[in-house]
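A.B. asks: Chain by chain, the residues run as shown.
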Amino acid sequence: MNPPATQDVTVIDLPFFDTQVPDETPGSEVARLFERQHSLPGIMVMNGTQFLGMVSRNQFFQRLGRPFGIEIYGPRAITAFLESQPVAPLLLSAATTIQNAAIFCLARPVEYIYDPFVITVQDQPPRVVDFLSLIMKQTELLTAAQIEAHTQRAAAISASNAKSDFLASMSHELRTPLTAIIGYGEILIEDLNTGQTGESVRRVENIVKSGRHLLEMINGILDLAKIEARKMDLFLATFSLSDLIAEIGGIVQPLMSKNGNEFTMTSDQLVNEMHSDEAKVRQSLVNLLGNAAKFTDHGRVNLNIRKETGGEGDWVVFEVADSGIGMDDEQMKRLFESFYQADSSISRRYGGTGLGLSLTKQFCEMLGGKLSVRSAPNRGTTFTMKVPVRWKEPVVAPPL
Amino acid sequence: MKRILFVEDDDMSRDVISTRLQRSGYDVVMVEDGFKALDTITKDTFDLVVLDMSMPGLSGWDTAKKLKAAPATASIPILALSAHAMSADRKKALDAGCSDFDSKPVNLPRLVGKIEALLGSAESAATTVPK
Numbered sequence: 008m009n010p011p012a013t014q015d016v017t018v019i020d021l022p023f024f025d026t027q028v029p030d031e032t033p034g035s036e037v038a039r040l041f042e043r044q045h046s047l048p049g050i051m052v053m054n055g056t057q058f059l060g061m062v063s064r065n066q067f068f069q070r071l072g073r074p075f076g077i078e079i080y081g082p083r084a085i086t087a088f089l090e091s092q093p094v095a096p097l098l099l100s101a102a103t104t105i106q107n108a109a110i111f112c113l114a115r116p117v118e119y120i121y122d123p124f125v126i127t128v129q130d131q132p133p134r135v136v137d138f139l140s141l142i143m144k145q146t147e148l149l150t151a152a153q154i155e156a157h158t159q160r161a162a163a164i165s166a167s168n169a170k171s172d173f174l175a176s177m178s179h180e181l182r183t184p185l186t187a188i189i190g191y192g193e194i195l196i197e198d199l200n201t202g203q204t205g206e207s208v209r210r211v212e213n214i215v216k217s218g219r220h221l222l223e224m225i226n227g228i229l230d231l232a233k234i235e236a237r238k239m240d241l242f243l244a245t246f247s248l249s250d251l252i253a254e255i256g257g258i259v260q261p262l263m264s265k266n267g268n269e270f271t272m273t274s275d276q277l278v279n280e281m282h283s284d285e286a287k288v289r290q291s292l293v294n295l296l297g298n299a300a301k302f303t304d305h306g307r308v309n310l311n312i313r314k315e316t317g318g319e320g321d322w323v324v325f326e327v328a329d330s331g332i333g334m335d336d337e338q339m340k341r342l343f344e345s346f347y348q349a350d351s352s353i354s355r356r357y358g359g360t361g362l363g364l365s366l367t368k369q370f371c372e373m374l375g376g377k378l379s380v381r382s383a384p385n386r387g388t389t390f391t392m393k394v395p396v397r398w399k400e401p402v403v404a405p406p407l
Numbered sequence: 052m053k054r055i056l057f058v059e060d061d062d063m064s065r066d067v068i069s070t071r072l073q074r075s076g077y078d079v080v081m082v083e084d085g086f087k088a089l090d091t092i093t094k095d096t097f098d099l100v101v102l103d104m105s106m107p108g109l110s111g112w113d114t115a116k117k118l119k120a121a122p123a124t125a126s127i128p129i130l131a132l133s134a135h136a137m138s139a140d141r142k143k144a145l146d147a148g149c150s151d152f153d154s155k156p157v158n159l160p161r162l163v164g165k166i167e168a169l170l171g172s173a174e175s176a177a178t179t180v181p182k
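As given, the protein sequences belong to chains H and C, one line each in that order. Counting the first sequence from 1 gives a position; the working numbering is that position plus 7. Counting the second sequence from 1 gives a position; the working numbering is that position plus 51.
No lab work stands behind these hints: they were computed from the structure. Being a predicted model, the structure only gives us computed values, none of them experimental. Just so it is clear, CB atoms sit at the ideal spot from N, CA and C, and this is done for glycine as well. Don't take each hint at face value.
[What the hints assert, rightly or not] Every beta carbon over 10 Å from chain H, so not counted as near; a handful from chain C, in silico: (1) 120; (2) 122; (3) 141; (4) 150; (5) 170.
[Claimed, not checked] Pairwise CB distance ranges, derived in the manner of DEER restraints: (6) C/73 <-> H/208: 49 to 55 Å; (7) C/142 <-> H/241: 42 to 48 Å; (8) H/243 <-> C/107: 38 to 44 Å; (9) C/161 <-> H/166: 34 to 40 Å; (10) C/107 <-> H/152: 46 to 52 Å; (11) C/142 <-> H/320: 52 to 58 Å; (12) C/75 <-> H/241: 23 to 29 Å; (13) H/166 <-> C/108: 28 to 34 Å; (14) C/142 <-> H/166: 31 to 37 Å; (15) H/241 <-> C/108: 39 to 45 Å.
Make a model of the complete structure from these sequences and hints.
C.D. replies: Below you can see the structure in the form of structure tokens.
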């Protein structure tokens, strides 16, 4: 929880004393009150409900301690003491901030700095507040503000570093296909000039392939930027989950066959309809299944769909399990980072932009759900994507 | 003809850049990782190594350090060629023992200029060695 901002806390929040005496009370009686309660910093002098003044413990005993002090002020009414005070007590309204109260207190003549002050409250008796409790509150607020500032600064530095890393990775990832596009293009110009066009088709194919890869990457980068700027919209609609799954099966089957994988779909409990963003559910599942197909060679990939009830309603749980190469703990820790592929050769060997999982995770969160992973090297990988059957504001992360 | 060992893990980059270096008149031997580079360099004579930096297995930075640490290969100039094109990346390559740095995508005249400068200085260094 965030501490209250320093400027929001006022003197009304401070502990106070409400001891008051009528104006005719003798000084000796006031002295007895102070002696009876050692923590009492000041006593208010009233005429009925009218505030006449405040006797500060410090000033009162200092005066009594002087020659003839007790003789002069002991028998007389306390008003005599009030009238003899060269400086009136500090009166502050209830709305005064702690910060301003401290400034006013510290601006008093040096011998009055440690005196209590009085708060006037609308329709209530005035209050006496100890200087020390004000300073303690002020210190507490400043410390909290300082901690908050440190935390914010650390978060800002970390965000800025993450952005720099992202830009550096992005630059590298964009330059690699551009190396092929520009290089093959320049070779083709030379070939056309010299009439050596034997390898032209292969080179043009590589240009197109690199261009497509670049486009896929730019689309991914734009999507991430949109999500970060909170400009990525959700297009909510009610749709048939079985139709969507059939469609996804058709999209990913060629990817599965490419590596000789056996692809199966199982369902424990049927969810007929979902109210969510169909395109984002589709893209997330295609990303997860595409990954599973890529990192599994002549193995199995299964998509299991089940319904779970709990938390704030019904959830659809999509579980993508493969029998592929798996990942170690270090790889899993960085899995959802943009451009992080467990090994830099992966994009070359397995393709992909290094943005798919990062996007899928963001999509799941936008859909009010969560993406998690279980894996071990050579033991396969299981991604679990849990999203609400009916979209709702993502307030609480679902239990997984 | 000057012989260059070109180390690059990305298939298309290797194909494109080696073709262009061959057409610029160099004898180019290609390998796809740092370990193969260390192995190949001892089997033949090379005038220059053109080295990619971020490679799986043995990275370009580590390959450069190993080449510079071995007496047999320490005198062969290394030109770092990387898609990491920030100014810090140049420094990192030079710190690893590379003689010069160039970025990808390749600007052929600039790359050939850097290669020629390194081949020239390697040659003049060789001629000043007392027999």
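A.B. asks: Where does the structure disagree with the numbered hints, that is, which hint numbers, in rising order?
C.D. replies: When the structure is compared with the hints, numbers 6, 12 and 14 turn out to be violated.
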